[in-house]
Every structure is written in structure tokens, then in C-alpha cells.
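The residues making up each chain are set out below.
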Amino acid sequence: MVLFEIWNHLARWNAIDAWIVATGAAASMACALPGCFLLLRRQSMMGDAISHSVLPGIVLALLAGQALHARGWFDERALASSRHAILFAGAAVMGIVCAVASESLRRVGRLDAGAALGVVFTSLFALGLLLMRLVADTIDIDPDCVLYGTLENTVLDRSGPQGIPAAFGINARMLCVNGLVLTMFFKEFRISAFDPALARSVGVSASAMHYLLMALTAVTLVTAFESVGSILVIAMLIVPAATAHLLTDRLPRMIGISLVVAASSALVGHALATAAPGVLFSRLGHPEIQDASTSGMIAVASGLFFLGAALFGPRHGIVSRRLARARLENRMVREDVLGHLFRRKERFPDAAGDSLASIRAALGIRVRTARAAMGRLRRMRWIERAGPDWRLTRLGEESARRLVRSHRLWESYLARNYPSRGALHESAERVEHFIDDDLRNQLARELDSPSRDPHGSVIPSDPEARDEGDTKAVD
Amino acid sequence: MRASNGAAARTGPDDGRSEPSPLSIRDLTVAYHLKPVIWDIDYEAPSGRLIAIVGPNGAGKSTMLAACLDLIPRTTGEVRIFGRPFRSQRGRVGYVPQRESVDWDFPVSALDVVAMGLYHRIGWCRPVTRRYRREALAALERVGMAEFASRQIRQLSGGQQQRVFLARALAQDADLYLMDEPFAGVDAATELVIVDLLRDLRSSGKTVLVVHHDLQTVEEYFDEVVLLNMRLVAAGPVEQVFTPQNLRKTYGGRLALLDRVGNRFTFGPGE
Chain A
1 MVLFEIWNHL ARWNAIDAWI VATGAAASMA CALPGCFLLL RRQSMMGDAI
51 SHSVLPGIVL ALLAGQALHA RGWFDERALA SSRHAILFAG AAVMGIVCAV
101 ASESLRRVGR LDAGAALGVV FTSLFALGLL LMRLVADTID IDPDCVLYGT
151 LENTVLDRSG PQGIPAAFGI NARMLCVNGL VLTMFFKEFR ISAFDPALAR
201 SVGVSASAMH YLLMALTAVT LVTAFESVGS ILVIAMLIVP AATAHLLTDR
251 LPRMIGISLV VAASSALVGH ALATAAPGVL FSRLGHPEIQ DASTSGMIAV
301 ASGLFFLGAA LFGPRHGIVS RRLARARLEN RMVREDVLGH LFRRKERFPD
351 AAGDSLASIR AALGIRVRTA RAAMGRLRRM RWIERAGPDW RLTRLGEESA
401 RRLVRSHRLW ESYLARNYPS RGALHESAER VEHFIDDDLR NQLARELDSP
451 SRDPHGSVIP SDPEARDEGD TKAVD
Chain B
1001 MRASNGAAAR TGPDDGRSEP SPLSIRDLTV AYHLKPVIWD IDYEAPSGRL
1051 IAIVGPNGAG KSTMLAACLD LIPRTTGEVR IFGRPFRSQR GRVGYVPQRE
1101 SVDWDFPVSA LDVVAMGLYH RIGWCRPVTR RYRREALAAL ERVGMAEFAS
1151 RQIRQLSGGQ QQRVFLARAL AQDADLYLMD EPFAGVDAAT ELVIVDLLRD
1201 LRSSGKTVLV VHHDLQTVEE YFDEVVLLNM RLVAAGPVEQ VFTPQNLRKT
1251 YGGRLALLDR VGNRFTFGPG E
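Protein chains in written order, with the working numbering: chain A, 1 to 475; chain B, 1001 to 1271.
If you're looking for bench data, these hints aren't it; they were derived computationally from the structure.
This one's a predicted model, so the numbers in the text were calculated from it and none came from an experiment.
We put the beta carbon where it would ideally sit given N, CA and C, even for glycine.
Don't take every hint at face value.
Stated by the list, open to error - Between beta-carbon pairs, the in silico distance windows are:
1) A:W73 / B:S1150: 42 to 52 Å
2) B:E1220 / A:Y418: 25 to 35 Å
3) B:R1131 / A:R368: 56 to 66 Å
4) B:S1047 / A:G308: 57 to 67 Å
5) B:K1035 / A:A166: 33 to 43 Å
6) B:A1146 / A:R394: 41 to 51 Å
7) A:H316 / B:I1072: 32 to 42 Å
8) B:P1237 / A:G179: 30 to 40 Å
9) B:S1204 / A:L307: 36 to 46 Å
10) A:A113 / B:E1019: 39 to 49 Å
11) B:P1237 / A:G456: 38 to 48 Å
12) A:A115 / B:R1248: 37 to 47 Å
13) B:S1204 / A:A326: 51 to 61 Å
14) B:D1196 / A:G456: 43 to 53 Å
Kindly generate the complete structure, drawing on both the sequences and the hints.
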């Protein structure tokens, strides 16, 4: 029902929607590229700082353009056509100013990096506001547009060739520039982010790379501003990179994933913007709210991607780690049950098996844990019912034999090499779960295949090496 | 910031060698925030030797290396590598920084890190081609780490991480190596690998300066020793210089005069 409603919304997409998605994707991908390196340099907040600091740069650049125009150096058309170049120059300069100023403030003022940044970018932003106030009548800057951006409106300006929206054109070009610069200087960016000292000692100026990155970030941010606004652009800069960082351990792959996340956020974001509010708010009694800001929803979507990566990322994901841990714990409980049944069989060869209560008491585990382990063991056909009790099957006995063999070999190994060490059993109780066939054979070789452990118990022989003779206990 | 001027006596090395020394330091003073960290160092490293730099914490051992590599500004003095400024000799110097100096969560493999040692030779804007990757792998092999080439560096033990750093320095194929505590916090196996490697380097004519903490192994591992405590206490062959008197001078409290002068600079001259 809800799905159908969402589909209805999405089915109404037209060329405009496609351009919105394409522009959003281009902007976010362009931002994700420098974002990866900012994140790895642990300077993510630099993006926020630069996005504010560029304001005075933009205003000054526009003023300079007007001054040139007033002197007659630029005619009206030249001014209009070089508007972006002027903006970019102002932004790039301010990006570098912000980086240089915060760095020198950190050194001279003995502030930590965050505090220095806080001082610099708020001052620059305030200066920008002041300048805007001074020239408000002559320059047209819409503060709303600066803060939130209006992706939906910018694509309506289809002044580019073949009706391609200008906003898409400029963001796509920015993406190409970023891609080109980062490909060219890939190894220089990598070494200066990873080990600035080494970079300098092999002749790569880490600070030059840093300023290049700052300039690139500033220009990228200004490009994306118009479409998505100065606040949301920070999400585009950082979130795809952070998501990718959770998913991989390789830099090229991280950059690739961040691009995919960026593009998908644009698609999902616009889908959310057109479909979600109608579906959601009509149920909450506000049917008049039919859509939301696409750039906002792109940020929400990338946030969701990040959440997904943080929860389910293969190595770092919280859920994945919990699951892996739980699986390990369950396996250890199961192996403990096998070991317990095997030892009991050794001690009381005539007993049929052992009851659940007795197993639980011996291992000190809870009813639910025990039930789960027994159930799984039975499905694996490693244990079976013997009246009210449980006993090992032939298959189970083989596993148990390996486990107990590991345990006792480990005890022998410890006793031989660390004679003063107590707590043999406790150590072996932990280690037995992690000894594989290779290690077990190696232990046996090193100890000359002993037959008894330090406590005098017989070390069961290797199931593989045994003949099929004495398995009648299980049958 | 100029805060030198012969407060301590010069221990001038004798000049007049035919071949320039791998590392010659003259009048080197480095100050952080007006407080001198190392003071008036004069030192000339002999060629083809393993040299330990020894001194208490805060003696300025790492600072001395960093100043030699232009990593931090020198307040006064000059450093020459094979008779010329470091700037023109980058390719001949291999640096092994302290292990804590980098972010081990960085998404690079052991091989990537070793390949960084080759960047100077690869040159700007050129990719790391297969040929260089092979060289990096060969360097990893020399420290017994070839099987870990594709591991992300966080997934290596401390000793293995240190070996990756060494492999990187090897890949640089330098003539002078500066190593900042390569033995810090490594396991016994790695320590042996490092010692073997140092001897290898020496027998191929390289000069190696190592910041070292373990006084017990100085005599076994090194030919020469530099005793440093803000100022150069003594330098020379281990059997001549590594004496109880010199060690007491190095470790037995700061030198009183120097400390007083140093403190004045903390508050600024004239107070």
C-alpha cells in the first residue's frame, strides 16, 4: 500500500527530476573526492570552516569584477561569462587564507587545531557578512540560497547547450577537474596525508599539497553551493568519504566507494524528497506537505548510508562485529558441550550419556544458551538422545576427540616450555577453540606425540589417523 | 629567535678529510618557543658505521634528526649531507620515523607504505608502476614481511609495523639512514631482523644513525655512539666514548649552567 503510493510518486518523475538527480550526483561526487583526503588528514571540519570562510572571498571577487567593469576593462558580457572564474578565484584564495591563518594561529597562538579553526572561520565569515552589508545594494546575493541552496530551481535554468542545465554543467566540470587533479597527484596526496614528515624528506612538499587540497575544496564548495547550499555541502564533503572509510582498507577503493555513495545519495535523496513527505505527512494529518528540499534529503540519504555502513560494515560494523562475536561464543559453547560429553564418557564408559541439567551445571551456562547449543549440535548430528540424556554420535565424537586432543596437547606444551606456570587447564580451556588441524599436528610433532597430558589423562589420538575399530560406544 | 652564542664550549671535530662526511652538523641549535631543545651541536659522522644516538628523554635526540632533515626549522647552525645541503641530497637519505608518527588506520597496505620510499625516484605525477611495486616487494622480503604485503597496516603487530618502516627505508636505497627508535616496543624476532639489517647496510657501505634507548645493547649493536643531552656530551667509537663517566654526564641531571640559561630564555631575555 505504502509502496504503491511511493511508486506513484516516483512514476511521476520527468526530465526535470532526472536533471535534479544528475546535478545532485555530480555535486556530491565532486565534493566526495577532496572529502576523502580531508577525512584521512583528520581535517574534516576544515570543510565547514572553508565553506564559511569563502564568503568574504566571493564578495571581494564580485566587487573586483565590478570595479574592473567600471573601469571599462570588462564589458557586460565578459563580466557575466567570467562570473564563475572570478568567484572561484576568490574562493580558492580564501580557502588557502583560511588554511594558512589557522595553521599559523595554531603555531603562534599555541591553540589546538580545532580552536584555531574556530577563531579563523568565524572571523572570516563575520567579515564576509560585513562586506555583504556594505555592498548589499549593488550585488545580488541571496542569503537563503547561500545557506540552503535550491537544487530544484537551479536545474530550471537550462541555458547550457542542448538544454543541459547550467548547474549540471558546472558541477560535472568540477567533478572532472577534481578527478583529474587527484589522479595526477594521487601518490603525492596520499603520502602527504599519511606521513607528512616522510613526504617532506622525499621531496614532496606536504604543505603545498595541503594548500592545493584547500584551494580545491574551496572551489568545489563554491560550485556546489549554488545548488545545495553552504551547510548541506559539508555533508556531501564528509559523509560519503566517512562511509567509504568504514567499508574498505584501500585508498583507491575508498575513493571509488565514496563516489558510489555520493551518487546513490543523490538518487535516493531525490526519491525521498518527492515521495516520503507526501506518504509520511498525509498519515500524520498534514496532507498539504507533499515534498521536501532535495538537497536536504540528499544529506539525509547519505546519513542513512553511513548508518548502514556503521552497523553492517564487514569489518568495522557494529552489528557485524556483534554477530561475529556471538557466532564465536556459540561455537565455543558447543565445543565445550562436546568436550564435556567426551570426558564423561572417558570417566564413566558405561553411562548412556548426560542430562541437560548436568551439562549446564558442569559448564555454568544458562538454560537458553544450553538449549540453543544442544539444538544446533543435534541438527549437525553431533549429539543424539539416549532416553532422557544426551550422548555423542560418531561424528560428534570425532570432533570432540580433536578438541580434547588440542586441549591436552596444549597443556603438555605449556608444561614443557613454561614449567613454572600454573593454570594449565584454564589456558587450554580458552586456547582449545582456536587450534586448527595444522597447529595441532605441529604441537604433536614438537612434543613427539605424547600419550598422556601433565595431569595424567590420555591424549586421544588423531581421529584421521585412527582405524574405524572402537566406535561401538556411539552405535 | 636567534638564541645561540657559545654558552657551551665547542667540541670541534677535526676537518681535512678528503671525502665529505655523510652527515656533518655545525653549531646546530633548535629552539621551540624560545626554549632551546638542542644546543650548539657540532658533529661529524664517520662513513660506513652504525652509530647510536643515546641520551635521556627530552635530550633532543629526535629533534636532532628532524633538524638534519629540514623537518623543523633550525635556529642556528648548518647541516651538510655528504658535503651539500639536504635539499639537494634527498635521494641519498633514508628516514625511519617513530612508529607513533603516522595514522595506522590509514587505508594503505604494507606494500603501499614501502612504495612511498620510492616516490622520490618515481617523480611527480607518475603512478607507482609494476616495476616499483616489485622493488617494494623485494624490500619487504628483505625484512621477512613479503607475505604481509597486502595487509592493511593496522592489522600488523608493532614489530611488523616497524619492519614495514625499515623496508621503506631500504627501498629508498639511500647512503645515509636516520632512524628514530626503530627498536622501541618490538618483539625479539624483529629486534634480530633489525640488527641483521643494520649490519647488512654497514657492509654495503651505508652510514646509519639510530636513536637508541637500550643502553645494554649499545656495545653489541653499534660501532659509534653519540651521547646527547641538549648538548653533545661525547661522540666517537663505542669503546672510547661509552664510559661510565660519560654516561653519568649524559644522564646525571641536566647540565646546571645550560639549564639556567635555558630557563631565562623561557621568560624572554632581560627578565
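Results of checking the hints against the structure:
no. : hint                         : result
1   : A:W73 / B:S1150: 42 to 52 Å  : 57 Å, violated
2   : B:E1220 / A:Y418: 25 to 35 Å : 27 Å, holds
3   : B:R1131 / A:R368: 56 to 66 Å : 59 Å, holds
4   : B:S1047 / A:G308: 57 to 67 Å : 59 Å, holds
5   : B:K1035 / A:A166: 33 to 43 Å : 57 Å, violated
6   : B:A1146 / A:R394: 41 to 51 Å : 43 Å, holds
7   : A:H316 / B:I1072: 32 to 42 Å : 35 Å, holds
8   : B:P1237 / A:G179: 30 to 40 Å : 57 Å, violated
9   : B:S1204 / A:L307: 36 to 46 Å : 54 Å, violated
10  : A:A113 / B:E1019: 39 to 49 Å : 45 Å, holds
11  : B:P1237 / A:G456: 38 to 48 Å : 59 Å, violated
12  : A:A115 / B:R1248: 37 to 47 Å : 43 Å, holds
13  : B:S1204 / A:A326: 51 to 61 Å : 54 Å, holds
14  : B:D1196 / A:G456: 43 to 53 Å : 44 Å, holds
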